[in-house]
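Colleague: Listed here are the chains, written in short residue letters.
2 protein chains.
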Amino acid sequence: MSSTLEFKIINKCHASRARAGEITTSHGKFATPVFMPVGTQGSVRAVSPEELVESGVRIILANTYHLYLRPGHRIIEKLGGLHRFMNWSGPILTDSGGFQVYSLSRLRTISEEGVTFQSHLDGSRHFIGPEEAINIQKSLGADIIMTFDECAPYPADYEYIVNSVKLTSLWARKCIESEIDANQALFGIVQGGIYPDLRERSAKELIELGFDGYALGGLSVGEDRATREKVIRETVEFLPEEKPVYLMGVGKPEDIIDGIRLGVDMFDCVMPTRNARNGTLFTSRGKLVIKNARYSDDDRPVDEKCDCYTCSRYSRAYLRHLFMAKELLSYRLNSIHNLYFYSHLMENIRYAILEDKFDDFCKEFFRSYSGPGSD
Amino acid sequence: MSSTLEFKIINKCHASRARAGEITTSHGKFATPVFMPVGTQGSVRAVSPEELVESGVRIILANTYHLYLRPGHRIIEKLGGLHRFMNWSGPILTDSGGFQVYSLSRLRTISEEGVTFQSHLDGSRHFIGPEEAINIQKSLGADIIMTFDECAPYPADYEYIVNSVKLTSLWARKCIESEIDANQALFGIVQGGIYPDLRERSAKELIELGFDGYALGGLSVGEDRATREKVIRETVEFLPEEKPVYLMGVGKPEDIIDGIRLGVDMFDCVMPTRNARNGTLFTSRGKLVIKNARYSDDDRPVDEKCDCYTCSRYSRAYLRHLFMAKELLSYRLNSIHNLYFYSHLMENIRYAILEDKFDDFCKEFFRSYSGPGSD
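In order, the protein sequence lines correspond to chains A and B.
According to this note's numbering, the first sequence is numbered sequentially starting from 5.
According to this note's numbering, the second sequence is numbered sequentially starting from 5.
Mixed in with the good hints, there may be bad ones.
When chains are identical, the list treats them as one kind, so a pair holds in a single copy or across two.
[Said to hold, decoys possible] Heads up, simulated BS3-like pairs for lysine-lysine below, C-alpha to C-alpha not over 30 angstroms straight-line:
1) 361 to 82
2) 256 to 330
3) 309 to 82
4) 330 to 295
5) 178 to 367
6) 330 to 291
7) 208 to 330
By construction, these hints were calculated from the structure, which means they are not laboratory data.
Since the model is a prediction, treat every value here as computed from it, not as a measurement.
Looking at chain A on its own, in the form it has when it is part of the complex:
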């Protein structure tokens, strides 16, 4: 296994599994817990790399499936890899393509070798298995890459998940046996649906292979909060404490806080950027829907407690106008605000853990942030 990734735990919460740490990659360090914005096609939608940095973003995620189909990993490799292609010099994590193969592509057929599927773009036929997923990620050159897993539908019965775990472990072995670049770290993905014994089995089989970090897959696919909490709790207890834990596709601020409490270090989600483009803005007091007529002449910033680029310069009235007029600047200004909100949230959580006041932080956060419907 590569030892390119270093994970250092700096402090642990006395009242939960929350921990604050630091991960060092080939393209620099970032503090944990960390939120990774999603740059699906080699661009975090509507924002520039400079704006990401100014918004506090230190690592981004890119989607292997999308970049494989367009522009193609070979082109990105030829142009010096994804960092250079998209002008992002910080750490990048690529997913394995597994999730998108299941959620976006058509006519999938799964075998022990991998998945044959049709592109959602043009219907062309493709095959990706564990070796292919690693090869593509090697071409892209991300700092953290992921094993190719079998993403079960939700809900799925026990028998389906037994097989899914089996395939995921088989593919994880093939991934780890593939040649990756010396400055890439490889994470395994734990599957197992909502079945504690299968989560345990999946975790143990992956740990035996030995990865640089462990991700929880198959969550944030429609299950309720209590179920998700239970699955995270029952999976994390089997994972080695000294390795980073990554909860894929999560999520809402409140779900991230739940995850951190349960021992998760890394998160990714399209929520801050997608919501921004839909005109939903995160604030310390909950969500704000910018198209609401009450903001039409509101001279205040989105969040009076926020220091982001957008809040320092623009009124709710202007942001509402841009959104109603479908101006491209709307999506950018909203995205910058939401990314800053997420980064700032993670930073505050981290400080709270470092001072062992995470419990107080959570109470205070939820008192102020009433979540959906607070607008």
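Chain A is fixed; fit chain B onto it per the hints.
Modeller: Just chain B, lined up with the frame of chain A:
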């Protein structure tokens, strides 16, 4: 008449009517000849105010018709005017709304008082006459505002244009008699179609009223290059040399150079930003269509002679990928490049005029820039 606008001619070309100067407004100075990007709805599409400044933009144009309909001039006034609303501290010029009333709205009825029309957004009925156009522009608070003119269709027969000129002069008088803000300058718009005697009549009637500057309206509406040149030439000769001349809605780099040669100081056009969003990029060697497959793995910047933000950081391959993937960053990066191209072109023209080498500049420019189809 307000004396808030100062126009200083610094040098004149010996071989043409081209001149280099400087205009001082309530929100600062800009050098002429100048190109004004269009911020139709209070935002130059896809770019931020900081990016405009970095791209060399010193004055922008906003559309009265659009801002009147949405968000409404009263809201902008309440929020401190357009400069504050859109966070642009430099000079702004607003058109009078005349052109859009004719080109965008439905069911127009023109009377001596003004125009009744239906909004292109929701079909609501509105009336704008000369006093209304000035009042709206007063609320918006631009540094340079325009008289409300009658924009004739093209082509139009002599009788139609006789009446158009008559109405334009009548309305210009009403505009000049309206109360405007002490720090706003008012420009008159010369109409007259392609008829030299009517252009002369229109120019003389406006000059008698006395404006801070004179615009040429009713051009860039479908006429050929030779016709446009003839009309500009036959209008400019009647305008006072000490006032700025503004050619509305022009245009292509080659048309701007033609205009400057004929004595025009100010230009505006959606071309750099609209073309950017269509993937057409201006370069010193002509236009480049970024979606062309030949750029798919081209590591070079759009223009190897360009120092803009986009060319300093991104390859043609990445820009092509963003455009094909419809990423929002595509429109921004392309717009920044095209705006920089225009600003840089104007700067080079100005230097050439200051050194009285404008003729050489034109020859050199056209030798390199072969215009449409050079890609």
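Colleague: None of the hints should be skipped; say for each whether it holds.
Modeller: Status of the hints after comparison with the structure:
1. 361 to 82: Result: close neither inside a copy nor across copies, 48 angstroms intra and 44 angstroms inter.
2. 256 to 330: Result: close both inside a copy and across copies, 25 angstroms intra and 26 angstroms inter.
3. 309 to 82: between (45 angstroms within a copy, 24 angstroms between copies)
4. 330 to 295: both (11 angstroms within a copy, 24 angstroms between copies)
5. 178 to 367: neither (44 angstroms within a copy, 64 angstroms between copies)
6. 330 to 291: This pair counts as both: shortest intra-copy Cα distance 20 angstroms, inter-copy 28 angstroms.
7. 208 to 330: Answer is neither; intra-copy 50 angstroms and inter-copy 42 angstroms both fail.
The structure fails to meet hints 1, 5 and 7 from the earlier list, while all remaining hints are met.
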